[in-house]
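*Asks:* Here are the chains, one letter per residue:
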Amino acid sequence: RKEVEQDPGPFNVPEGATVAFNCTYSNSASQSFFWYRQDCRKEPKLLMSVYSSGNEDGRFTAQLNRASQYISLLIRDSKLSDSATYLCVVNKSGYSTLTFGKGTMLLVSP
Amino acid sequence: EPEVTQTPSHQVTQMGQEVILRCVPISNHLYFYWYRQILGQKVEFLVSFYNNEISEKSEIFDDQFSVERPDGSNFTLKIRSTKLEDSAMYFCASSERTSPQHFGDGTRLSIL
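Residue numbers (the numbering used here), protein chains in the order written: chain A, 33 to 142; chain B, 2 to 113.
I should point out that these hints are in silico values taken from the structure, not numbers from a laboratory.
Using N, Cα and C, we set each Cβ at its ideal position, and we do this for glycine too.
Honestly, I wouldn't trust all of these hints.
[What the hints assert, rightly or not] Computed cross-link-like contacts, SDA-like style, restricted to lysine to any residue with a CA-CA straight-line distance of at most 25 Å:
(1) A/K34 <-> A/S100
(2) A/K124 <-> B/P9
(3) B/K43 <-> A/E35
(4) A/K34 <-> B/L31
(5) A/K74 <-> A/G41
[As the list claims (entries may be wrong)] Computed footprint of chain A on chain B; a stretch qualifies when at least three of its residues, placed anywhere within it, have a C-beta under 8 Å from a C-beta of chain A:
(6) 43 to 49
(7) 52 to 64
Bound conformation, chain A alone (with noise of 0.2 Å):
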């Protein structure tokens, strides 16, 4: 079973959809949970960490599961740029390494 597992897309919606994109970790000792937004040959901005209660950033929610090792971003209200790969990373406890999956490509049109 891959480490980080995600839907490698793409999802195609128009501008004004809500969009969900999930993620599921391997290792029950992941402490750390990040969404990830890269652009095409660009590096990786962080846009959230993702916290047990859950967490929202104006458009942005995420939510985490750790029962289910499952971890999910909402997008609400989709702008053109939010175009992206949508990288989910989690890191182990005492750790510095991050792990990341291959990311779910999100194509925002007119």
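Position chain B against the provided structure of chain A, taking the given hints into account.
*Replies:* Frame of chain A, contents of chain B only:
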């Protein structure tokens, strides 16, 4: 907003040559990292560095690779004898504690 800077943006090297990739982490950060991303694949961890020594490294980071913090600002990755399969984007990252990590815009390494 402070950022991680990397040079060069693109490096073309003959197979078997040595290459040094340079990074200037964010100034108050204490943890430094190198990752790589082969075209079309996921980002992979190479090495982390803290308190002037390697704290973790992956299987990819074999004895052809080394890291150094030669002064108070730079953090370098050296590949001693490059192979074709070393062609990738190399990202430097830094963090104040172990997370979250902030990435530089990468060096594209092309081995001919």
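*Asks:* All hints, please: hold or fail.
*Replies:* Evaluation of the provided hints:
For the given pair, A/K34 sits about 15 Å from A/S100 by alpha-carbon distance, which is consistent with the 25 Å threshold. A distance of roughly 31 Å separates the Cα atoms of A/K124 and B/P9; the hinted pair therefore is violated under the 25 Å criterion. Taking the CA atoms of B/K43 and A/E35, the gap is near 12 Å; set against the 25 Å cutoff, the hint holds. With a C-alpha separation of about 30 Å, the suggested pairing of A/K34 with B/L31 is violated against the 25 Å cut-off.
For the proposed pair A/K74 and A/G41, the alpha carbon gap of about 19 Å is at most 25 Å, so the pair holds. Remark: the stretch 43 to 49 of chain B is confirmed as covered by chain A, as 5 of its residues place a Cβ nearer than 8 Å to a Cβ of that chain, reaching the required three. For the stretch 52 to 64 of chain B, the stated coverage by chain A holds: 3 residues have a C-beta nearer than 8 Å to a C-beta of that chain, and at least 3 were required.
Consistency note: the structure conflicts with the earlier hints numbered 2 and 4.
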